[in-house]
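**Q** The chain contents come next:
Protein chains: 2
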Amino acid sequence: MNERIKEGFVLWFTGYPCSGKTTIADSLAVMLRNRGKSIERLDGDIVRKSLSKDLGFSREDRVENIRRIAFISKLLSRNGIGVITTFVSPYRFIRDMVRKDTTNFIEVFVDCPLEECRKRDVKGMYLLAEKGEIKNFTGISDPYEKPERPEVILHTDKETLQESCEKTIAYLKGNGNL
Amino acid sequence: MNERIKEGFVLWFTGYPCSGKTTIADSLAVMLRNRGKSIERLDGDIVRKSLSKDLGFSREDRVENIRRIAFISKLLSRNGIGVITTFVSPYRFIRDMVRKDTTNFIEVFVDCPLEECRKRDVKGMYLLAEKGEIKNFTGISDPYEKPERPEVILHTDKETLQESCEKTIAYLKGNGNL
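Protein sequence lines correspond, in order, to chains S and W.
Mapping the first sequence onto numbering that gives the first Met the number 0, position 34 (from 1) lands on 33, and the numbers just tick up by one.
Mapping the second sequence onto numbering that gives the first Met the number 0, position 32 (from 1) lands on 31, and the numbers just tick up by one.
The hints are simulated quantities; they were obtained by calculation from the structure and are not laboratory data.
It cannot be assumed that every hint is accurate.
30 Å max Cα-Cα, derived DSS-like pairs, lysine-lysine [unchecked claim]:
1. W:99 <-> S:48
2. S:73 <-> W:99
3. W:5 <-> S:172
4. W:99 <-> W:118
5. W:166 <-> W:122
6. W:52 <-> S:99
7. W:52 <-> S:134
8. S:99 <-> W:73
Taking CB as the label site, the calculated pair distances span [said to hold, decoys possible]:
9. S:165 <-> W:134: 33 to 41 Å
10. S:135 <-> W:123: 25 to 33 Å
11. S:131 <-> W:26: 36 to 44 Å
12. S:157 <-> W:170: 54 to 62 Å
13. S:148 <-> W:166: 25 to 33 Å
14. S:91 <-> W:152: 45 to 53 Å
15. S:113 <-> W:44: 37 to 45 Å
Bear in mind the structure is a predicted one, so any value in this text is a computation, not a measurement.
By construction, the Cβ of each residue, glycine as well, lies at the ideal position given by its N, Cα and C atoms.
Excised from the complex, chain S in its bound form (with noise of 0.2 Å):
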C-alpha cells in the first residue's frame, strides 16, 4: 500500500465567488469522510466568526486570512488529515505561500466565467459589488489572479457536480493520496 495514504492533504479550493468551491468540496467531504478519511472542512464562513473575526476584505487583510488559515492547514495535514478548504484566495503569491507551507497541497482552480457566476449568485453581491456597496469584491473591483499550474481544474459551468467530485477524487487516487 502507498504510504502516502496516510499522509494528510490540503485540498485547496479557488475561484470567483458563486464559481461552486463550496457545493464542490461539501460533497467530496462526505465521500471522502465515507473512505475512512479524516477529513476537516476549512470556509469562509466558518473562518470569519472565528479565527479571522478582526480581519476584512482589503488586499492586506485577505493575506492575513490565508496566513492563519495556512497555519491551520499546516497542523492538521501534517497529522495526517485531509484538509479541504474553500477561499476565493484571489493571490497567486499566498497560495503559493501555502503550498510551501502544507503537507501534499493540492491546487483546485474552479474556473467558471464571471458572467455564470454572476448568474448564479442567489445573494446578489455581485450586484451589490457592482453598485459599490460590496468594496474589494474579487471579479469586479478586486482582482482574480489565476493559478498558474493548479493539479485540478473543474470548469463548473460544463461539469456536473458528481463529474466535478469525480474528476478530483481520480487526481486524489492517482497522487497517491487515496
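We have chain S; now place chain W onto it with these hints.
**A** Showing chain W alone in chain S's frame:
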C-alpha cells in the same frame, strides 16, 4: 482496547510565566510521540509569531489569542490528535471555554510559587515587569486565576521534570487516553 485511546485530547498547561510549562510539555511531547501518538505542540512563541502577531497582552488581546488557539485545538483534537499547549492563560472563563469546545480537555495546573518562578526567570522579565517596563505581566501587573478543578496539578518547585511527566502520563492512562 479502550476506544478513547484513538481519540484526540488537549493537555492544557496553565501557570505563571517561568513556572515550567514549556519544559514539561516538550518532554511529554517526545515521550508521547515515542508511544506512537500523533502530538501537536502549541506554544506562545509559535502562535504569537504566526496566528496572533497582531495581538498584545491586554485582557482583550489575551482572550482573543486563546480563542484562536481554542479553534485550532478543537480541529486537531476532534481528528484524533493529542494537542499539548503551553500558555499562561490566566483567565478562568476562557480556559473553561476551551474545555467546552475541545475533545478530552485536560487542564494541567503548573503550580509553582511566584518567588520560585521569579528566580528561574533567565530573561529578567519579572524584573522588567516590576519596573513597569513590561506591562500586563501575569503575577505582577495582571491577575492569575488558579484553576478550581484541574485534572492534573504539578508542583514544579518540589517535583523533578521526570516526576511531573510521569504524573501526567499516569493521568492520561487512568483516563483512557493512552
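**Q** Against the 30 Å threshold, does the CA-CA distance of residue 52 of chain W and residue 134 of chain S hold or violate the hint?
**A** holds (26 Å)
**Q** Looking only at beta-carbon atoms, does the pair residue 91 of chain S, residue 152 of chain W fall within the given range of 45 to 53 Å?
**A** holds (51 Å)
**Q** Are residue 166 of chain W and residue 122 of chain W close enough, with their CA atoms no more than 30 Å apart?
**A** holds (28 Å)
**Q** Does the structure keep residue 5 of chain W and residue 172 of chain S at a Cα separation of 30 Å or less?
**A** Holds. Residue 5 of chain W to residue 172 of chain S sits at ~26 Å (cutoff 30 Å).
**Q** For the range 37 to 45 Å, tell me whether the beta carbons of residue 113 of chain S and residue 44 of chain W fit it or not.
**A** Check passed, 43 Å falls within 37 to 45 Å.
**Q** Starting from the range 25 to 33 Å, see whether the pair residue 135 of chain S and residue 123 of chain W falls in it by beta-carbon distance.
**A** violated (45 Å)
**Q** Take a quick look at whether residue 99 of chain S and residue 73 of chain W sit within 30 Å of each other, Cα to Cα.
**A** Judged against 30 Å, a Cα distance of about 24 Å means the pair holds.
**Q** Hinted pair, alpha-carbon criterion (30 Å max): residue 99 of chain W, residue 118 of chain W. Please report holds or violated.
**A** violated (35 Å)
**Q** Kindly confirm whether 54 to 62 Å is satisfied by the beta carbon distance between residue 157 of chain S and residue 170 of chain W.
**A** The hint (54 to 62 Å, Cβ to Cβ) holds, given that residue 157 of chain S and residue 170 of chain W are roughly 57 Å apart.
**Q** For a C-alpha distance cap of 30 Å, please report whether residue 52 of chain W and residue 99 of chain S respect it.
**A** Roughly 20 Å between the alpha carbons, so the hint for residue 52 of chain W and residue 99 of chain S holds.
**Q** Cβ-Cβ distance between residue 131 of chain S and residue 26 of chain W: within 36 to 44 Å?
**A** About 57 Å separates the Cβ atoms of residue 131 of chain S and residue 26 of chain W, which means 36 to 44 Å is violated.
**Q** At the C-beta level, are residue 148 of chain S and residue 166 of chain W separated by a distance inside 25 to 33 Å?
**A** violated (52 Å)
The structure fails hints 4, 9, 10, 11 and 13 (numbered hints given earlier, in ascending order).
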